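Enquirer: Could you put the whole structure together from the sequences, leaning on the hints where they help?
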Amino acid sequence: MDSNYLSRYGCKSELRPNSHTKEEIEHEQKFADMRGFVNIIQEGSDSDKIKAIDSLSEQLKTDITIKEDLVFFTSMVEAFRQIYLNSENDALKDKVIQIAVQMGIERQIQVIVPGSSLLNQISAVVIRNTRVIQIPYGARSIQSHGMVVPLNPEITTANKIVRCEMKFLGRGNTHRYGIVGPITQRMAHINYCPGSDRDSVGAEKTGEIIRRKEWIQGNDQFGEEDIVGMEVNMTVNPRTLHFFVKDVQQKHFFTGIPEKIRFCGYLNQIQSEFYVVLFEESEIPRAETGRMDDVAHEF
Numbered sequence: 016m017d018s019n020y021l022s023r024y025g026c027k028s029e030l031r032p033n034s035h036t037k038e039e040i041e042h043e044q045k046f047a048d049m050r051g052f053v054n055i056i057q058e059g060s061d062s063d064k065i066k067a068i069d070s071l072s073e074q075l076k077t078d079i080t081i082k083e084d085l086v087f088f089t090s091m092v093e094a095f096r097q098i099y100l101n102s103e104n105d106a107l108k109d110k111v112i113q114i115a116v117q118m119g120i121e122r123q124i125q126v127i128v129p130g131s132s133l134l135n136q137i138s139a140v141v142i143r144n145t146r147v148i149q150i151p152y153g154a155r156s157i158q159s160h161g162m163v164v165p166l167n168p169e170i171t172t173a174n175k176i177v178r179c180e181m182k183f184l185g186r187g188n189t190h191r192y193g194i195v196g197p198i199t200q201r202m203a204h205i206n207y208c209p210g211s212d213r214d215s216v217g218a219e220k221t222g223e224i225i226r227r228k229e230w231i232q233g234n235d236q237f238g239e240e241d242i243v244g245m246e247v248n249m250t251v252n253p254r255t256l257h258f259f260v261k262d263v264q265q266k267h268f269f270t271g272i273p274e275k276i277r278f279c280g281y282l283n284q285i286q287s288e289f290y291v292v293l294f295e296e297s298e299i300p301r302a303e304t305g306r307m308d309d310v311a312h313e314f
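Residue numbers 16 to 314, in my numbering, belong to the letters of the sequence shown in order.
Careful, some of the hints might be misleading.
Only pairs whose alpha carbons sit at most 20 Å apart, straight line, appear in this in silico PhoX-like list of lysine-lysine [to be verified]:
1. LYS66 to LYS82
2. LYS261 to LYS220
3. LYS220 to LYS266
4. LYS45 to LYS76
5. LYS45 to LYS82
6. LYS66 to LYS76
7. LYS175 to LYS275
8. LYS182 to LYS220
9. LYS45 to LYS66
10. LYS108 to LYS66
11. LYS261 to LYS182
Here are the computed distance ranges between Cβ atoms for each label pair [stated by the list, open to error]:
12. VAL310 to ASN104: 44 to 54 Å
13. ASN101 to GLU229: 32 to 42 Å
14. THR145 to THR189: 17 to 27 Å
15. GLU296 to THR36: 48 to 58 Å
16. LYS261 to ASP69: 43 to 53 Å
17. LEU184 to LYS108: 23 to 33 Å
18. GLU274 to ASP69: 41 to 51 Å
19. VAL251 to THR77: 50 to 60 Å
Hint data in this document are derived by calculation from the structure and do not stem from the laboratory. Keep in mind that this is a model prediction, so the values were computed, not measured. Idealized CB from N, CA, C, for every residue including glycine.
Expert: Right, here's the structure in full:
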């Protein structure tokens, strides 16, 4: 594969520290090349993706030690999963299956969720790939810089009632989750978090909710590996967002949410991550209305 072919997809890696020994330099160059192949697998045409998978497979035959770097520091697994679930190109899907077996990651990409679940549609929207990467059903931070991570699919009034539950890993991370409206360039700013502007709201592990840079206390705290959830009801007027912590509906909630939203997570500690464990559509809300102690806040 020639250098012009690779350069179209931006193969230079800026994610890992500079090396010093000859062996480290060679290892870093191999990783940069392989990350270039991953970029092609994410963004290239089907024929380019097949070529990139073949090249990746050949390099892995001679240096299997690079596998852990690929799995942890790139979005490779998620790229393979998206192809396996969504591609109509059988030849490309076969290539994905072959390399998944070669790397021992086939269980991570062959996922079938029946019924009203939307889980297989989940993918992280990576605004800056020098801070976070995609993982199956979520995202992982590769630097200790703040980054909001919106999730596909976008939720609209056609979706009725949608629930999203997620889990955070990484004790040093400021666990935050919420919803955002349009994806904009200001989300790339290091200080942006859900709740920093008029187009988003959030909740934090401290039990506070965040709206327009105002932190409001009163919900339950949560920590690493606790399951937290959100439910948006797009059928009522005004539309609502309720929070759940460890399966318990929270006191503070939002009304008047936009017609189109995305759920999101937030990461700001290296090697921290979040992933979605439930994402489903329903015609019956789980959130109870009219509770005496509940407090509604305008979006």
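Enquirer: Does each hint fit the structure? Answer for all of them.
Expert: The hints, checked one at a time:
As the CA atoms of LYS66 and LYS82 are separated by approximately 18 Å, the hinted pair is consistent with the 20 Å bound. The straight-line distance between the Cα atoms of LYS261 and LYS220 is roughly 12 Å, inside the 20 Å bound, and the hint therefore holds. For the proposed pair LYS220 and LYS266, the alpha carbon gap of about 15 Å is at most 20 Å, so the pair holds. For a cut-off of 20 Å, the pair hint linking LYS45 to LYS76 stands: about 13 Å separates their Cα positions.
Taking the CA atoms of LYS45 and LYS82, the gap is near 11 Å; set against the 20 Å cutoff, the hint holds. A distance of roughly 16 Å separates the Cα atoms of LYS66 and LYS76; the hinted pair therefore holds under the 20 Å criterion. For the given pair, LYS175 sits about 12 Å from LYS275 by alpha-carbon distance, which is consistent with the 20 Å threshold. The straight-line distance between the Cα atoms of LYS182 and LYS220 is roughly 12 Å, inside the 20 Å bound, and the hint therefore holds.
Using a Cα cut-off of 20 Å, the hinted pair LYS45 and LYS66 holds, with the two alpha carbons roughly 17 Å apart. Pair hint LYS108 plus LYS66 holds up; C-alpha atoms about 13 Å apart against a cutoff of 20 Å. Simply put, LYS261 and LYS182 have alpha-carbon atoms about 10 Å apart, close enough for the 20 Å limit, and the pair holds. For the pair VAL310 and ASN104, the beta carbons lie near 51 Å from each other, so the given range of 44 to 54 Å is met.
For ASN101 and GLU229, the Cβ-Cβ distance of about 40 Å falls inside the hinted range of 32 to 42 Å, so the restraint holds. Taken as a hint, the range 17 to 27 Å holds for the pair THR145 and THR189, whose Cβ atoms sit roughly 19 Å apart. Take GLU296 and THR36: their Cβ atoms lie about 53 Å apart, and the range 48 to 58 Å holds. For the hinted restraint 43 to 53 Å between LYS261 and ASP69, the CB-CB distance of approximately 46 Å keeps it satisfied.
Between LEU184 and LYS108 the Cβ separation comes to about 30 Å, which falls inside the hinted range of 23 to 33 Å. Checked against the hint of 41 to 51 Å, the pair GLU274 and ASP69 passes, with Cβ atoms roughly 44 Å apart. For VAL251 and THR77, the hinted distance range of 50 to 60 Å is satisfied, since their beta carbons lie about 59 Å from each other.
Taken one by one, the earlier hints all hold for this structure without exception.
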